[in-house]
Amino acid sequence: MTIKTGAPVVVGVDGSAAALDAVRVAAREAADRQRPLRVVHAFIWPLTRAPLGAAEGAPAGAGLRNQAERFVAEAIAEANKTAPDVPVTGVVVDGAATPVLLDESRDAALLVLGHRGLGGFAGLLLGSVTVQVAAHAKVPVLVVRGEQRADGPVVVGVDGSECSLEAVAFAFEEASRRGAPLVAVQAWLYPTPVGPGDILPLVYDLDALAADEERALAESLAGFAERYPDVPAQHRLVRGSPGGVLVEESKKAQLVVVGARGRGALGGLLLGSVSHAVLHHAHCPLVIVRHPKQADVS
Numbered sequence: 032m033t034i035k036t037g038a039p040v041v042v043g044v045d046g047s048a049a050a051l052d053a054v055r056v057a058a059r060e061a062a063d064r065q066r067p068l069r070v071v072h073a074f075i076w077p078l079t080r081a082p083l084g085a086a087e088g089a090p091a092g093a094g095l096r097n098q099a100e101r102f103v104a105e106a107i108a109e110a111n112k113t114a115p116d117v118p119v120t121g122v123v124v125d126g127a128a129t130p131v132l133l134d135e136s137r138d139a140a141l142l143v144l145g146h147r148g149l150g151g152f153a154g155l156l157l158g159s160v161t162v163q164v165a166a167h168a169k170v171p172v173l174v175v176r177g178e179q180r181a182d183g184p185v186v187v188g189v190d191g192s193e194c195s196l197e198a199v200a201f202a203f204e205e206a207s208r209r210g211a212p213l214v215a216v217q218a219w220l221y222p223t224p225v226g227p228g229d230i231l232p233l234v235y236d237l238d239a240l241a242a243d244e245e246r247a248l249a250e251s252l253a254g255f256a257e258r259y260p261d262v263p264a265q266h267r268l269v270r271g272s273p274g275g276v277l278v279e280e281s282k283k284a285q286l287v288v289v290g291a292r293g294r295g296a297l298g299g300l301l302l303g304s305v306s307h308a309v310l311h312h313a314h315c316p317l318v319i320v321r322h323p324k325q326a327d328v329s
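Taking our numbering, the leading residue of the sequence shown gets 32, the next gets one more, and so forth.
Only true hints are included.
Derived DEER-like restraints, expressed as beta-carbon distance ranges:
id, residue 1, residue 2, range
1, Gly-254, Lys-282, 24 to 32 Å
2, Lys-112, Gly-271, 37 to 45 Å
3, Glu-245, Pro-115, 40 to 48 Å
4, Asn-97, Ala-48, 19 to 27 Å
5, Asp-243, Asp-134, 37 to 45 Å
6, Asn-111, Gly-271, 37 to 45 Å
7, Gly-210, Arg-267, 17 to 25 Å
8, Ala-247, Val-122, 41 to 49 Å
With a Cα cut of at most 20 Å, we get these calculated EDC-like pairs of lysine to aspartate or glutamate:
id, residue 1, residue 2
9, Lys-282, Glu-178
10, Lys-283, Glu-178
11, Lys-112, Glu-100
12, Lys-112, Asp-52
13, Lys-282, Asp-182
Just so you know, these hints were derived from the structure itself, not from any lab. Note that beta-carbon positions come from the ideal geometry of N, C-alpha and C, so glycine has one too.
Taking the hints into account, I'd like the entire structure generated from these sequences.
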């Protein structure tokens with residue numbers, strides 16, 4: 032994935048506590064990447080034809096437009112406290128959250144969102160905004176939720192698809208940057224016999240299937256391990272549903288990385304139950320990575 036030189040880390044804000052958490056994470060990410068930080072507030076009220084200025088007799092600074100400007104100013108101040116050396120700019124952009132964020136992603140290095148919000152970002156993980164942004168953003172999307180840990184591994188979901196390999200590449204780079212180990216996890220969904228009358232052994236050679244999956248997983252990681260010799264990496268084939276496996280792995284991780292779409296065990300990651308499980312229940316921040324071919328057709 033090619034990122035433009037000088038592209039900023041972009042964070043969406045709305046005045047909520049979750050947004051300020053996202054700002055702090057985004058500021059640290061910008062510092063680690065040696066990139067500027069851009070704070071963006073999606074100002075939806077002009078679309079509703081609501082009065083934007085202060086009402087007659089209202090105190091100075093009242094009105095929706097002034098409130099939006101305060102959201103951005105507070106976020107900039109928080110970013111400056113978190114990472115004083117990072118250049119920070121802020122902007123209020125007229126429009127709904129999803130199109131504003133997608134437009135911002137075109138020139139960003141990373142897009143950072145909080146797990147809940149107010150106003151234009153209300154119910155961010157419970158509604159359609161995060162799913163739409165993560166499914167169509169031109170860059171990886173970091174969703175700040177759960178516990179923010181300085182230790183623990185970077186966990187990446189693997190299924191052998193091209194998008195999965197993009198996620199693996201991002202995860203190795205992130206693990207190297209953080210000085211963290213990496214754990215690549217593939218969910219194993221093939222059934223096992225449940226009783227004497229079960230005919231699965233006649234249909235599947237489960238040991239052979241597992242060995243094939245293990246071999247494919249190891250091969251998909253080999254090149255990245257050579258490229259990042261500083262990253263202690265392990266791969267695991269884990270029995271269970273993909274969403275449940277990744278949520279469980281997130282309990283001890285500092286970051287979970289998943290591809291936007293996959294196949295097999297992680298197929299349709301952002302379009303079905305797996306995405307809902309990870310987005311709703313992950314115990315740490317997560318990054319959703321798209322394949323460039325998906326970005327080309329959006």
